[in-house]
Amino acid sequence: MFNKINFRTDLALERRDIFKKSNNLDEIDGIDAEEKVIDENLKVSKVKITNSNGEQAIGKPIGDYITIDIKNLKIAEEEEIQKSAEILSNELKQIIDKHIDYKDDILVAGLGNLHVTPDSLGPKVVSDIDITRHIIKYMPQYIDENARPVSALSPGVLGTTGIETLEVLEGVIDKIKPKMLIVIDALASRSIERISSTIQLSDTGIVPGAGVGNTRKELSKKTLGIPVIAIGIPTVVESAVLVNDCLDLFIEKLQEEAKSNEYLNNLKEQDNYEEIKEALNPYDYNMIVTPKEIDE
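Under my numbering, think of the first position of the sequence shown as 1, with each following residue one higher.
Keep in mind that the hints are not guaranteed to be accurate.
[Stated by the list, open to error] Restricting the straight-line Cα-Cα distance to at most 25 Å, the calculated cross-link-like pairs of lysine to any residue (SDA-like) are:
1. Lys-43 with Ser-89
2. Lys-177 with His-115
3. Lys-177 with Lys-43
[Said to hold, decoys possible] Okay, the calculated beta carbon distance ranges per label pair:
4. Leu-153 with Glu-27: 55 to 63 Å
5. Gly-225 with Glu-77: 40 to 48 Å
6. Ile-5 with Ile-135: 42 to 50 Å
No wet-lab data here; the hints were simulated from the structure.
Ideal Cβ placement from N, Cα and C applies to all residues, glycine included.
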(Lines of atoms letter the chains of each structure in order from A and count residues from 1; the text may use other names and numbers.)
(Lines give C-alpha, C1' and ligand atoms only; values in the text may rest on other atoms or scores of the structure.)
Protein backbone atom coordinates (compact mmCIF):
# COMPACT_ATOMS: atom_id res chain seq x y z
CA MET A 1 0.00 0.00 0.00
CA PHE A 2 1.52 3.31 -1.09
CA ASN A 3 1.60 6.41 1.10
CA LYS A 4 -0.99 9.06 0.30
CA ILE A 5 0.78 12.24 -0.78
CA ASN A 6 -0.28 15.87 -1.01
CA PHE A 7 2.08 16.83 -3.84
CA ARG A 8 1.39 20.59 -4.03
CA THR A 9 3.24 20.79 -7.34
CA ASP A 10 2.17 20.76 -10.98
CA LEU A 11 5.45 19.30 -12.23
CA ALA A 12 5.31 15.62 -13.15
CA LEU A 13 9.05 15.27 -12.57
CA GLU A 14 8.75 16.54 -8.99
CA ARG A 15 5.73 14.35 -8.32
CA ARG A 16 7.65 11.30 -9.51
CA ASP A 17 10.62 12.12 -7.27
CA ILE A 18 8.37 12.79 -4.25
CA PHE A 19 6.47 9.52 -4.76
CA LYS A 20 9.67 7.51 -5.08
CA LYS A 21 11.13 9.05 -1.93
CA SER A 22 7.93 8.67 0.09
CA ASN A 23 7.59 4.98 -0.81
CA ASN A 24 11.30 4.08 -0.90
CA LEU A 25 11.18 3.07 -4.56
CA ASP A 26 13.90 3.06 -7.20
CA GLU A 27 11.36 3.08 -10.04
CA ILE A 28 7.58 3.35 -10.45
CA ASP A 29 5.65 0.85 -12.53
CA GLY A 30 4.02 2.76 -15.38
CA ILE A 31 6.44 5.68 -15.38
CA ASP A 32 9.50 5.92 -17.62
CA ALA A 33 11.99 8.75 -17.22
CA GLU A 34 15.10 9.98 -18.97
CA GLU A 35 17.36 12.97 -18.54
CA LYS A 36 19.62 14.81 -20.96
CA VAL A 37 22.15 17.35 -19.75
CA ILE A 38 22.73 19.91 -22.49
CA ASP A 39 25.34 21.90 -20.57
CA GLU A 40 26.03 23.02 -17.00
CA ASN A 41 23.04 25.38 -17.04
CA LEU A 42 20.54 23.48 -19.17
CA LYS A 43 18.86 20.12 -18.65
CA VAL A 44 15.91 18.37 -20.32
CA SER A 45 14.00 15.68 -18.42
CA LYS A 46 11.23 13.52 -19.86
CA VAL A 47 8.61 11.62 -17.89
CA LYS A 48 6.28 9.26 -19.72
CA ILE A 49 3.27 7.82 -17.90
CA THR A 50 2.34 4.58 -19.64
CA ASN A 51 -0.41 2.95 -17.60
CA SER A 52 -3.03 3.47 -14.89
CA ASN A 53 -0.61 2.54 -12.11
CA GLY A 54 1.71 5.41 -13.05
CA GLU A 55 -1.31 7.67 -13.46
CA GLN A 56 -2.60 6.90 -9.97
CA ALA A 57 0.84 7.07 -8.38
CA ILE A 58 1.52 10.72 -9.17
CA GLY A 59 -1.95 11.97 -10.04
CA LYS A 60 -1.17 12.85 -13.65
CA PRO A 61 -2.86 11.48 -16.81
CA ILE A 62 -1.15 9.02 -19.16
CA GLY A 63 1.06 10.92 -21.60
CA ASP A 64 4.36 12.76 -22.05
CA TYR A 65 5.80 15.43 -19.75
CA ILE A 66 8.91 17.37 -20.69
CA THR A 67 10.73 19.55 -18.18
CA ILE A 68 13.36 22.07 -19.24
CA ASP A 69 15.48 23.36 -16.34
CA ILE A 70 17.46 26.53 -16.97
CA LYS A 71 19.93 27.50 -14.23
CA ASN A 72 20.91 31.12 -13.65
CA LEU A 73 18.27 32.33 -16.11
CA LYS A 74 18.12 35.78 -14.49
CA ILE A 75 21.77 36.42 -15.31
CA ALA A 76 21.98 34.40 -18.53
CA GLU A 77 23.60 35.86 -21.63
CA GLU A 78 21.50 36.36 -24.76
CA GLU A 79 23.20 33.37 -26.39
CA GLU A 80 22.14 31.09 -23.52
CA ILE A 81 18.57 32.38 -23.64
CA GLN A 82 18.43 31.77 -27.38
CA LYS A 83 19.76 28.24 -26.90
CA SER A 84 17.05 27.53 -24.34
CA ALA A 85 14.40 28.97 -26.65
CA GLU A 86 15.52 26.70 -29.50
CA ILE A 87 15.31 23.62 -27.29
CA LEU A 88 11.82 24.62 -26.14
CA SER A 89 10.80 25.25 -29.75
CA ASN A 90 12.08 21.86 -30.91
CA GLU A 91 10.37 19.97 -28.09
CA LEU A 92 7.10 21.82 -28.71
CA LYS A 93 7.27 21.14 -32.44
CA GLN A 94 7.76 17.42 -31.82
CA ILE A 95 4.69 17.26 -29.59
CA ILE A 96 2.57 19.22 -32.08
CA ASP A 97 3.69 17.10 -35.04
CA LYS A 98 2.80 13.94 -33.12
CA HIS A 99 -0.85 14.98 -32.90
CA ILE A 100 -1.74 17.13 -35.94
CA ASP A 101 -0.63 17.94 -39.50
CA TYR A 102 1.77 20.81 -40.13
CA LYS A 103 -0.86 23.27 -41.44
CA ASP A 104 -3.73 22.44 -39.09
CA ASP A 105 -5.28 25.29 -37.09
CA ILE A 106 -4.08 25.90 -33.53
CA LEU A 107 -5.82 27.90 -30.82
CA VAL A 108 -3.64 29.27 -28.00
CA ALA A 109 -5.21 30.14 -24.64
CA GLY A 110 -3.37 32.20 -22.04
CA LEU A 111 -4.82 31.17 -18.69
CA GLY A 112 -4.69 33.31 -15.59
CA ASN A 113 -5.35 36.79 -14.26
CA LEU A 114 -3.42 39.56 -16.01
CA HIS A 115 -3.72 41.78 -12.92
CA VAL A 116 -2.17 39.29 -10.47
CA THR A 117 1.55 39.05 -11.17
CA PRO A 118 2.23 35.36 -10.39
CA ASP A 119 -0.89 34.37 -12.35
CA SER A 120 -0.33 36.61 -15.37
CA LEU A 121 2.01 34.39 -17.40
CA GLY A 122 -0.65 33.12 -19.81
CA PRO A 123 -2.19 36.47 -20.81
CA LYS A 124 1.25 38.08 -21.18
CA VAL A 125 2.55 35.31 -23.45
CA VAL A 126 -0.58 35.44 -25.61
CA SER A 127 -0.02 39.16 -26.23
CA ASP A 128 3.35 38.33 -27.85
CA ILE A 129 2.18 35.48 -30.11
CA ASP A 130 2.17 35.98 -33.89
CA ILE A 131 -1.48 35.52 -34.82
CA THR A 132 -2.06 34.36 -38.41
CA ARG A 133 -5.60 32.99 -38.73
CA HIS A 134 -7.17 36.28 -39.80
CA ILE A 135 -4.36 37.07 -42.26
CA ILE A 136 -4.61 33.66 -43.93
CA LYS A 137 -8.38 34.02 -44.11
CA TYR A 138 -8.66 37.62 -45.33
CA MET A 139 -5.23 38.62 -46.72
CA PRO A 140 -3.44 35.41 -47.80
CA GLN A 141 -1.24 37.33 -50.24
CA TYR A 142 0.59 38.93 -47.30
CA ILE A 143 1.73 35.75 -45.58
CA ASP A 144 3.86 32.71 -46.38
CA GLU A 145 1.77 29.99 -48.00
CA ASN A 146 3.19 27.47 -45.52
CA ALA A 147 2.07 29.45 -42.49
CA ARG A 148 -0.16 27.69 -39.98
CA PRO A 149 -3.43 29.35 -38.89
CA VAL A 150 -2.96 30.45 -35.27
CA SER A 151 -5.52 32.24 -33.12
CA ALA A 152 -5.34 33.18 -29.45
CA LEU A 153 -7.33 34.47 -26.51
CA SER A 154 -7.13 35.06 -22.77
CA PRO A 155 -10.35 33.71 -21.24
CA GLY A 156 -9.79 35.40 -17.88
CA VAL A 157 -10.56 33.76 -14.55
CA LEU A 158 -13.80 32.65 -12.94
CA GLY A 159 -13.56 35.27 -10.20
CA THR A 160 -13.69 38.18 -12.67
CA THR A 161 -15.76 36.74 -15.53
CA GLY A 162 -18.15 34.40 -13.74
CA ILE A 163 -17.46 31.88 -16.52
CA GLU A 164 -15.39 28.72 -16.24
CA THR A 165 -12.40 28.64 -18.60
CA LEU A 166 -13.69 25.34 -19.96
CA GLU A 167 -17.01 26.97 -20.89
CA VAL A 168 -15.29 29.82 -22.75
CA LEU A 169 -13.03 27.47 -24.68
CA GLU A 170 -15.86 25.07 -25.52
CA GLY A 171 -17.71 27.90 -27.24
CA VAL A 172 -14.69 29.19 -29.16
CA ILE A 173 -13.59 25.71 -30.26
CA ASP A 174 -17.11 24.89 -31.42
CA LYS A 175 -17.15 28.07 -33.51
CA ILE A 176 -13.68 28.21 -35.12
CA LYS A 177 -12.91 24.46 -35.00
CA PRO A 178 -9.12 24.36 -34.39
CA LYS A 179 -7.35 21.00 -34.54
CA MET A 180 -5.36 21.63 -31.36
CA LEU A 181 -5.44 23.79 -28.23
CA ILE A 182 -2.27 25.03 -26.54
CA VAL A 183 -2.79 26.37 -23.02
CA ILE A 184 -0.21 28.48 -21.21
CA ASP A 185 -0.45 28.77 -17.45
CA ALA A 186 1.49 29.54 -14.28
CA LEU A 187 2.39 26.47 -12.23
CA ALA A 188 3.28 25.58 -8.65
CA SER A 189 6.57 23.91 -7.72
CA ARG A 190 8.08 22.19 -4.69
CA SER A 191 11.47 23.82 -5.28
CA ILE A 192 12.56 27.42 -4.92
CA GLU A 193 15.18 26.86 -7.63
CA ARG A 194 12.50 26.14 -10.23
CA ILE A 195 10.60 29.41 -9.80
CA SER A 196 10.67 31.23 -13.17
CA SER A 197 13.47 28.97 -14.41
CA THR A 198 11.69 25.73 -15.37
CA ILE A 199 9.33 25.03 -18.27
CA GLN A 200 7.01 22.03 -18.44
CA LEU A 201 5.33 20.81 -21.62
CA SER A 202 2.76 18.05 -21.71
CA ASP A 203 0.29 16.57 -24.18
CA THR A 204 -2.30 15.64 -21.56
CA GLY A 205 -4.01 18.98 -21.03
CA ILE A 206 -4.23 20.72 -17.68
CA VAL A 207 -6.35 21.15 -14.56
CA PRO A 208 -5.95 24.87 -13.79
CA GLY A 209 -5.12 25.63 -10.15
CA ALA A 210 -4.43 22.01 -9.19
CA GLY A 211 -0.98 22.73 -7.78
CA VAL A 212 -2.25 25.30 -5.26
CA GLY A 213 -5.46 23.56 -4.27
CA ASN A 214 -7.77 25.80 -6.33
CA THR A 215 -8.82 23.17 -8.86
CA ARG A 216 -10.92 24.25 -11.83
CA LYS A 217 -12.46 22.15 -14.60
CA GLU A 218 -10.08 20.01 -16.65
CA LEU A 219 -8.96 21.15 -20.10
CA SER A 220 -8.11 18.06 -22.15
CA LYS A 221 -9.01 16.05 -25.22
CA LYS A 222 -11.60 14.29 -23.08
CA THR A 223 -13.43 17.54 -22.26
CA LEU A 224 -12.78 19.55 -25.44
CA GLY A 225 -12.55 16.92 -28.18
CA ILE A 226 -9.15 18.03 -29.54
CA PRO A 227 -5.55 17.46 -28.39
CA VAL A 228 -4.52 19.87 -25.63
CA ILE A 229 -0.88 20.78 -25.05
CA ALA A 230 -0.02 22.53 -21.80
CA ILE A 231 2.98 24.83 -21.35
CA GLY A 232 3.72 26.12 -17.89
CA ILE A 233 6.33 27.85 -15.76
CA PRO A 234 6.36 27.68 -11.94
CA THR A 235 5.72 31.09 -10.40
CA VAL A 236 4.60 30.05 -6.91
CA VAL A 237 5.92 27.86 -4.12
CA GLU A 238 4.30 26.89 -0.84
CA SER A 239 5.77 28.66 2.19
CA ALA A 240 6.43 25.32 3.90
CA VAL A 241 8.67 24.46 0.94
CA LEU A 242 10.47 27.78 1.29
CA VAL A 243 11.14 27.22 4.99
CA ASN A 244 12.16 23.61 4.40
CA ASP A 245 14.68 24.61 1.74
CA CYS A 246 16.05 27.35 3.99
CA LEU A 247 16.40 24.87 6.86
CA ASP A 248 18.26 22.46 4.59
CA LEU A 249 20.72 25.21 3.66
CA PHE A 250 21.11 26.14 7.32
CA ILE A 251 21.69 22.54 8.38
CA GLU A 252 24.23 22.02 5.58
CA LYS A 253 26.16 25.00 6.89
CA LEU A 254 26.06 23.62 10.43
CA GLN A 255 27.17 20.20 9.22
CA GLU A 256 30.25 21.71 7.65
CA GLU A 257 31.25 22.88 11.11
CA ALA A 258 30.08 19.78 13.00
CA LYS A 259 30.47 16.73 10.77
CA SER A 260 30.66 14.43 13.77
CA ASN A 261 27.36 15.62 15.22
CA GLU A 262 25.01 12.69 14.61
CA TYR A 263 21.91 14.71 15.44
CA LEU A 264 22.58 17.25 12.71
CA ASN A 265 23.36 14.54 10.19
CA ASN A 266 20.12 12.73 10.99
CA LEU A 267 18.16 15.97 10.86
CA LYS A 268 19.35 16.63 7.33
CA GLU A 269 18.23 13.19 6.20
CA GLN A 270 14.65 13.81 7.30
CA ASP A 271 12.08 15.51 5.08
CA ASN A 272 11.05 18.52 7.18
CA TYR A 273 8.29 19.61 4.82
CA GLU A 274 5.36 17.91 6.56
CA GLU A 275 6.52 18.98 10.04
CA ILE A 276 6.88 22.60 8.94
CA LYS A 277 3.54 22.55 7.15
CA GLU A 278 1.84 21.17 10.27
CA ALA A 279 3.37 23.93 12.37
CA LEU A 280 2.28 26.70 9.99
CA ASN A 281 -1.27 25.56 9.20
CA PRO A 282 -2.95 26.46 12.54
CA TYR A 283 -1.87 30.07 12.06
CA ASP A 284 -2.85 30.28 8.38
CA TYR A 285 0.78 31.06 7.57
CA ASN A 286 1.09 28.30 4.97
CA MET A 287 0.47 30.64 2.07
CA ILE A 288 1.74 30.52 -1.50
CA VAL A 289 4.64 32.91 -2.06
CA THR A 290 6.52 34.31 -5.06
CA PRO A 291 9.91 36.05 -5.27
CA LYS A 292 9.69 39.80 -4.72
CA GLU A 293 11.57 40.60 -7.96
CA ILE A 294 8.78 39.01 -10.00
CA ASP A 295 7.16 42.48 -10.10
CA GLU A 296 10.25 44.11 -11.57
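Evaluated hints:
1. Lys-43 with Ser-89: holds (15 Å)
2. Lys-177 with His-115: violated (30 Å)
3. Lys-177 with Lys-43: Outside the cut-off at roughly 36 Å; violated.
4. Leu-153 with Glu-27: 55 to 63 Å: Given range 55 to 63 Å: violated, Cβ gap about 41 Å.
5. Gly-225 with Glu-77: 40 to 48 Å: holds (43 Å)
6. Ile-5 with Ile-135: 42 to 50 Å: Holds - the Cβ-Cβ distance for Ile-5 and Ile-135, about 48 Å, lies within 42 to 50 Å.
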